[in-house]
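K.L.:
One-letter residues, chain by chain:
Number of protein chains: 2
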Amino acid sequence: MDLKPSPLALPFPQNMPEIAGVTLRVARARYKNWDRADLTYAELAEGTNLAGVFTQSACASSEVELGREQAKLGRARALIVNAGNSNAFTGYRGREAVEQIMGQVAAHIGCAPSDVFVSSTGVIGVPLPKDKAYAGVAAALEAEPCNWEEAAAAISTTDTFPKGARASAMLGETRVELAGIIKGSGMIAPDMATMLGYIFTDAAVEPAFLQELLSHSNRETFSCITVDGDTSTSDTVLAFATGKACNTPLASYDDPGADAFAAALTDMCRQLAQLVVRDGEGASKFITIRVSGAVSDESAHRVAMSIANSPLVKTAIAGEDANWGRVVMAVGKAGEPADRDKLSIAFGGVWTARDGLPVEGYDEAPVAAHLKGQEIDIAVELGLGEGRATVWTCDLTHGYISINADYRS
Amino acid sequence: MDLKPSPLALPFPQNMPEIAGVTLRVARARYKNWDRADLTYAELAEGTNLAGVFTQSACASSEVELGREQAKLGRARALIVNAGNSNAFTGYRGREAVEQIMGQVAAHIGCAPSDVFVSSTGVIGVPLPKDKAYAGVAAALEAEPCNWEEAAAAISTTDTFPKGARASAMLGETRVELAGIIKGSGMIAPDMATMLGYIFTDAAVEPAFLQELLSHSNRETFSCITVDGDTSTSDTVLAFATGKACNTPLASYDDPGADAFAAALTDMCRQLAQLVVRDGEGASKFITIRVSGAVSDESAHRVAMSIANSPLVKTAIAGEDANWGRVVMAVGKAGEPADRDKLSIAFGGVWTARDGLPVEGYDEAPVAAHLKGQEIDIAVELGLGEGRATVWTCDLTHGYISINADYRS
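Top to bottom, those sequences are chains A and B.
Every letter in the first sequence is one number past the one before it in the working numbering, and letter 19, counting from 1, is 335.
Every letter in the second sequence is one number past the one before it in the working numbering, and letter 328, counting from 1, is 644.
No lab work stands behind these hints, which were simulated from the structure alone.
Careful, some of the hints might be misleading.
Copies of the same chain are indistinguishable here, so a pair counts whether it falls within one copy or spans any two.
[To be verified] Below, in silico cross-link-like pairs of lysine-lysine (BS3-like), each with a Cα-Cα straight-line distance of 30 angstroms or less:
#: 1; residue 1: Lys658; residue 2: Lys348
#: 2; residue 1: Lys688; residue 2: Lys560
#: 3; residue 1: Lys388; residue 2: Lys446
Build the full structure now, drawing on both the sequences and the hints.
P.N.:
What follows is the structure, encoded as structure tokens:
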């Protein structure tokens, strides 16, 4: 986090809850030349249930391959996150490093290696150095416990600010807490899962239901953001439920409090997802794109993502230009049903095009004022059906080029 | 063409052929405040056959909608191209302007309005002004004939150099000539057709076969380029065959000379397509991406386009960085079969990653020298099958942001 904080940064929440059954520690494995902690260890109480969503990349890292298998077992005792090296595209040597970490942690706390989840983030193609990993894990296992903000900072790479969120829900008489941290800034175009995000709750939730809830929340949140349309090889979101709140374990939507917990989980995921957009590489505007009137929700989502990933739309917003013609272009190329003569487009709630025609003499002043702000709202009404979707993205600026072109790896 | 010519610009060919049966004229309709011709008129001899490919955008312009219908008739007597206003998303008023032009030209030369093809390029959402169009067409109908370079300049908008190409073929004892002009720089991600491109030949070719040849050439050329992944609402490529070479009309691949003509047409299309990439907004490098070993040619094409459209790959090339990790990422997100442990990547013919592992100690000097050049070659071997594809793109630089964000429309 040497970069200046994003202009869209939010302060780290001051009121993050303790989650009974979760202990955080960080250490310096020194994967890169960073003067900060880069290895994070979350110890989880016995009985912790787990759900996960992972990148759909065909070239996923060993961490993701192993994690997909481990997640099917639905339980966890520990999480290790390495920052500075993604260990992706490193073949058997990369896999050996992950298995070494799993064994080292499992021996320390007395659990199965498959209860130890490992994530890595950073440069692609360099095997995670086993010696640094071993020393880093050993230091983390003995370190003093730390707080959420320290852990959020330790999992970061090119992030410009640490990202966390909280939520809570009442399950009957029992209040349960959720705390989450996330990292991500570039290579963000989640395809099911995204980035590295970790959610911890003291609620008791059966693994299969926790997975159902997380997958559902993921579709409405992480799968609705994009920074640059590029999908990482390491994207992972894990949810850990320690059960220490001692509620009757949630096993289905019929259980008392399940709806409240589901809403809190989705709220948590939305907060975390939006924080990643706010730290989008070079971002100066946070853009919300709402598409309605599509033939289905899925179709609306694809149209919204086509707009969100259009370099011409993103540069227009960077230029504070209500260039709805570029929005028309992005709708047209989405490959989804659209009728030019039924299409309407609004910026900041003001319709600039209606039913396939520019709105003559619309009031430009509120539109111009809206575009000068940091929170941009684009609404598209297709006029075909009831399908709707909302996605979030950021603008495309010289900052993105500077971060990604003006250096050598 | 106020902008500095692209560093990748090529000079306009000095030896463009005369095409018997084609007369070019230009005039000033003054759609924008440009001190140059912006309306182009090509008069075509009686008996000229035509084929066309058009954008697949769901929000195409009236010109495209009408053109798709006219092309089914397979004949043409005139082409009008308006530059500075795309007339897209302008509803019935836009359509009226196109029909006015068709009628005006048809009355002048004594043909059916459906024999008059109209294209428009420029800003979206402003109906083409009928009075300027009428005066411009009237002036063009009476103008002195001009040459290919003048016509190529008149159809340009944000292009930084005029673009033309020539080809020829022997049909038995008859030599036929092909001449083509094209415009395009941004909003380039052809989905079947692309941009505005016009190809003229004196060969006699039956309309259905001309369409078959053009569609085939299009798939191998215009559909294999991308500047920014954004697909225009107006993309059109038309091929006009006047028949003045008096060869026996070509009606199928079995006819003598058909293969030679097909090869010349594809060569022409490839030249024109690559010229558009060379004028990609902000481009400083011309990038060729070759994918082999895919499960099919279609799969190879989709993987190649995923690489070509990745902002992280494009910025890495701008930064002269052999960042093959970003290529892995782009392969992984393509949604096509890929096996990380069989994947190999080369820059400028030097393998930097082989079978899922970085090549240790590869010679970095020739790779660094290659990346400093203007012509970049990326090869990806998937190791799965026989499918292959080649696509062309440019890098993503501060120039793209400047052109598209640092102004108000």
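K.L.:
Hints the structure violates: just list their numbers, smallest first.
P.N.:
2
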